[in-house]
Every structure is written in structure tokens, then in C-alpha cells.
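> Residues per chain are reported as follows:
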Amino acid sequence: MTQGAVEQSFRFGNTELPPEARDAARKAKRLAWLTIAFLVTAVTLVYLVMGSSQAMKAAWAEDLLSFIPPIAFLVAMRITGRVPTERHPYGYHRSVGIGHLVAATALLTMGAFLVFDSVSGLLAGEHPPVGLIVVLGHQIWSGWLMVAVLAYTCVPAVLLGRAKMPLAEQLHDRVLHADADMNKADWMTGVGGIVGVLGIGVGLWWADSAAALFISASILHDGVKNLRSAVAALMDARATTVDGSEPHPLGGAIDETLRGLEWVGSAASRVRDQGHVFHVEAFVVARDGMPTQEQLQQAWDAVTDLDWKVEDLVVVPVDELPEELLPGLRGDH
Amino acid sequence: MTGWPRGGAGPTLLGALGVVSLAACGVTVPTDPDGTLDRVRGSELRVGVSPHEPWTVTTDGAPTGLEVDLVEGFAETLDADVVWTSGGEEELVGDLERGDLDLVIGGLTASSPWTSHAAVTVAYVTVTDPDGKPEGHVMLTPMGENAFLVELERYLLAQEVEAP
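Residue numbers (numbering that gives the first Met the number 0), protein chains in the order written: chain H, 0 to 332; chain F, 0 to 163.
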């Protein structure tokens with residue numbers, strides 16, 4: 000197994016990516032860098048015009064937090080490329096889960112802080128002052144500038160999110176999925192902020208804190224959702240689709256494939272999501288006695304041919320399917 | 000964040016449309032939540048002045064100084080009479096927060112500690128402080144009375160102020 004730097008970036012540990020996944024990985028990396036570049040402009044612009052608006056502060060915090068997922072993705076992509084070693088026999092795939100956990104914790108903490116901040120602003124009846132700003136010799140009400148900047152931050156985020164979503168599914172990358180999901184929903188932050196600023200404009204002082212509350216609640220919501228799915232994956236929950244909504248179809252496909260083999264009487268497996276790739280333990284009961292070496296090899300080949308995500312596979316011949324290792328057999332979920 | 004749109008996006012959009020249409024129907028932007036500008040116009044401007052020579056001088060009789068002149072000029076554009084209250088900064092900022100004053104002056108700068116209690120105008124003049132750093136001189140208005148704030152800022156920016 001060669002470990003050239005170029006080749007490394009297109010593999011997940013021992014798993015060589017098929018060409019279409021390789022393209023997806025390359026594209027996703029490019030989009031992550033593009034996201035970072037966009038966020039630099041957004042964070043700078045929002046900071047320059049935010050003044051005393053709570054809603055702008057929340058929007059700024061969200062833009063700052065949005066740096067974490069693409070950075071976590073790029074770091075995880077580098078680390079998962081490493082080939083397993085004696086010390087790390089399962090490879091480095093879990094770095095995806097760790098990146099996801101870090102991103103989710105940051106969102107949760109910041110969301111909770113901002114909810115508290117905007118609620119106390121609302122309760123204290125804080126009236127945000129928004130005055131004039133002189134730009135290139137023109138005096139304009141800063142509110143208009145805030146609206147313009149927020150409107151700018153809406154568009155690229157949504158486009159980036161839409162572009163990343165299919166790649167996240169293809170690469171089975173939860174960090175990328177979380178990132179795309181947040182980007183896609185980013186327009187609501189922008190619109191929420193705009194409503195808050197225009198609210199200040201027409202003399203509704205509470206509109207700003209209310210908009211800030213809406214934005215921070217959405218950050219908190221993102222945090223809780225991502226924390227749940229990140230923890231579930233790190234707890235070796237049954238492998239799910241990348242959004243965590245349902246069991247991954249490969250789980251069923253593996254069992255089907257094994258049961259479809261002539262010599263197999265019954266078969267069941269447990270599958271955990273390592274991040275990008277799965278770790279599979281498949282138990283097979285042969286129709287008559289002990290399967291031959293060829294039969295076991297045939298079973299291994301049949302399963303690993305299903306998908307590039309399934310390469311870390313052990314096939315265990317048993318007399319009887321072990322219920323204690325396969326709780327699904329007992330009907331426990 | 001999927002799932003959130005169902006709860007939030009609809010009302011947000013409606014809210015946005017509502018605010019935009021309000022703005023389009025002749026409400027001036029920005030507007031004062033408590034109507035300070037409308038109340039002052041043609042009536043009286045209640046100003047707190049804290050001594051800080053040469054910006055404000057309160058030693059004998061009516062206050063004088065560069066900022067006092069600026070405020071008198073501003074009151075004139077609003078057709079209002081200035082009612083002066085002199086005192087310490089903390090006391091005056093307290094009155095401003097309670098709505099007993101409309102404006103506080105006293106040679107204050109943009110780095111004043113009062114900025115979390117009052118709205119700060121744009122700097123109407125910038126001077127160099129003893130450490131050699133530029134320092135913008137400002138006035139304080141009530142929090143969130145943005146029409147009044149902007150009216151004052153427009154007046155201040157239109158003046159050619161020379162640092163004393």
C-alpha cells in the first residue's frame with residue numbers, strides 16, 4: 000500500500016475511493032475553502048456595521064461559529080486519509096465524529112449564551128441605538144448598511160449549502176452534512192436580522208432583541224441536533240444515513256447478500272459507523288457444518304463488493320446466531 | 000436546522016414584509032420609540048451639562064463653551080428652547096436613562112464608560128489625547144431614540160468644529 004501524499008488525500012484509511020467519490024471529495028474540499036473565504040468577508044462586514052444591534056451580534060456569532068464545520072471537515076479529511084497503524088488498527092475514521100462533536104458543542108454553548116443574552120435584553124427593555132455612519136463622505140443611517148450586509152450574507156451561504164449536501168451524502172460525511180445544513184438555513188439568520196434592524200428603524204425597540212432571540216434559538220437548535228447525532232455515532236449506534244434519520248440501507252443489504260449465498264442458512268450482522276466507512280461484523284450459519292475457506296472468502300467478497308464503505312469486515316462462522324451480540328434478533332431496538 | 004423552517008420562516012417572512020410595508024407607508028426611518036424628536040420640536044430641549052473646560056463651562060450663570068454653543072445651534076434648528084441642568088456625569092446619565100433629559104454633554108469622548116447607558120453620537124471633532132491617540136468627541140442621547148440621535152448627528156456633522 001503506497002502512502003504518497005497525493006494518493007493519501009483520496010483515500011479513507013485503507014479504503015481506496017472509487018472515482019466518483021474521489022471527485023466528490025475533491026469538490027467538497029474546494030467548497031470548504033470557498034466557505035471559509037466567504038465567511039471571512041461576512042464576518043468582517045458584519046463586524047464593521049453591527050453597532051449596538053443585538054440581532055447583528057447574534058448573526059455575527061453565527062457566522063463566526065460557521066467557521067468550525069468547514070475547518071473540522073478539512074482537518075478530518077486529512078486525518079482520515081492516514082492508513083491504519085499497529086497503534087490505530089481501526090484507522091483514523093473517528094476523527095469525523097470528533098470534529099462533529101466539537102462543532103456541535105460550540106453551537107450548543109454559543110446558542111445557549113445568545114438566547115440568555117437576547118432574553119435578558121428583551122426583559123430589561125434595552126433600546127438599541129442605531130445612528131449615522133459616514134461612508135465615503137455620505138451620511139447614511141447605519142441600519143441600511145446592516146440590512147445590505149445581512150442580505151449579502153444570505154445568498155452565498157445558501158448556494159454553498161445546496162452544493163455541499165449531495166457531496167455529504169455521497170461521502171457519508173456527517174461534518175460536511177452538518178455544515179451544509181447550517182449553510183442552507185443561514186438565510187433565516189439574514190432575514191431575521193433584517194427584520195430586527197428594520198424593526199428598530201420603525202421604532203419597535205423590541206424587534207431587535209426578538210430577532211436576536213430567533214437567531215440564537217436556531218443556533219441552539221442546531222447544536223442540540225448535531226450533538227445528538229455526533230454522540231450517537233461515537234456511542235457506536237447502528238449505522239444510519241448521513242442525516243441520522245434512518246438506519247443505513249447497507250445494513251439490510253449486507254444481511255440480504257449473505258443470506259442469498261447458497262451455503263448460508265442464516266446470517267445477521269452488526270454495523271457501526273466509523274465516520275465515512277463502516278465496521279462490519281457478520282455472523283453466518285452454514286446449512287451443513289463448517290463452511291470451507293473458499294465459501295468464507297466468497298462471502299467476504301460478496302459483501303465488500305456492495306459498497307466502498309464496507310471494507311472493514313469480519314465474517315464469523317457460527318453454529319447459531321449469537322443473540323447477545325445481535326440484539327436485533329430479539330426484537331430489541 | 001432542517002425542521003426549524005416550518006416554525007420560523009413563515010412568520011419571519013411575514014414580519015419582514017410587514018416591516019417593509021410599514022416603512023413604505025411614510026413612517027420615517029429611523030423613528031423614536033418614545034418620540035423624543037417630536038416632543039422637542041417647537042418645545043423645549045432638556046440638556047444635562049457636566050463641567051469639562053474648555054468644552055463646557057458652568058462656573059457662573061448660564062453654561063458656556065464649545066459644546067454649549069453647538070447645542071444652542073441644534074435647538075434653534077428644532078425651534079426649541081434649551082433647559083439646562085448641570086451636575087455630575089453619573090447623575091446626568093441617570094436622568095437621561097429615566098427620560099428626564101434629552102441630551103448630555105461634558106467633553107465626553109467615544110471611549111466614555113457611559114456608552115452602555117446612553118447612545119453615543121458620531122464624533123463631531125477629533126482631537127489628540129495626552130497619549131497621542133486620536134479621540135473623537137461625542138454627546139450622549141437616550142438609548143434607542145434613533146430619529147433624535149440621527150437629527151443631532153446630521154446637525155453636528157454639518158458644523159465646522161475646530162478643536163479648542
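No wet-lab data here; the hints were simulated from the structure. Bear in mind that the values here come from a model prediction, so they are computed numbers and not experimental data. Worth double-checking, as some hints may not be accurate.
Output of the computed footprint for chain H on chain F, the stretches with three or more beta carbons under 8 angstroms from beta carbons of chain H [stated by the list, open to error]:
#, stretch
1, 58 to 71
2, 145 to 156
Covered stretches of chain H (in silico footprint by chain F; criterion: 3 or more residues with CB under 8 angstroms from a CB of chain F, positions within the stretch not fixed) [to be verified]:
#, stretch
3, 116 to 130
4, 198 to 206
5, 250 to 262
Pulled from the structure, derived: some chain F residues nowhere near chain H, Cβ distances all over 12 angstroms [stated by the list, open to error]:
#, residue
6, D31
7, P32
8, R40
9, W83
10, G93
11, T108
12, M142
For each residue, glycine too, the CB sits at the ideal point set by N, CA and C.
> Please go over all the hints and tell whether each is borne out by the structure.
Verification of the supplied hints:
Evaluation of the coverage hint for the stretch 58 to 71 of chain F: breached, as 0 residues show C-beta separations to chain H shorter than 8 angstroms, against a requirement of three. Coverage of a stretch by a chain is defined here by at least three residues with a beta carbon nearer than 8 angstroms to that chain's beta carbons; for the stretch 145 to 156 of chain F and chain H the count is 7, and the condition holds. Beta-carbon proximity to chain F at under 8 angstroms applies to 6 residues in the stretch 116 to 130 of chain H; the threshold of 3 is reached and the given coverage holds. Check on the stretch 198 to 206 of chain H: 8 of its residues sit with their Cβ under 8 angstroms from a Cβ of chain F, so the three-residue criterion for coverage holds.
For a cut-off of 8 angstroms, the count of residues in the stretch 250 to 262 of chain H with a CB near a CB of chain F stands at 0, and the three-residue condition is violated. Not every beta carbon of chain H lies more than 12 angstroms from that of D31 (chain F), the smallest distance being close to 6 angstroms; the non-interface claim is violated. The non-interface label for P32 (chain F) is inconsistent with chain H: the shortest C-beta to C-beta separation is roughly 5 angstroms, within 12 angstroms. The Cβ of R40 (chain F) sits about 16 angstroms from the closest Cβ of chain H, beyond the 12 angstroms cut-off, so the non-interface label holds.
In this structure W83 (chain F) is separated from chain H by more than 12 angstroms, as the shortest Cβ-Cβ distance comes to about 23 angstroms. Look at G93 (chain F): its CB is around 16 angstroms from the nearest CB on chain H, clear of 12 angstroms, so calling it non-interface holds up. The claim that T108 (chain F) lies off the interface holds: its Cβ sits roughly 16 angstroms from the closest Cβ of chain H, which is beyond the 12 angstroms cut-off. A cut-off of 12 angstroms between C-beta atoms contradicts the statement that M142 (chain F) is not in contact with chain H; the least separation is 4 angstroms.
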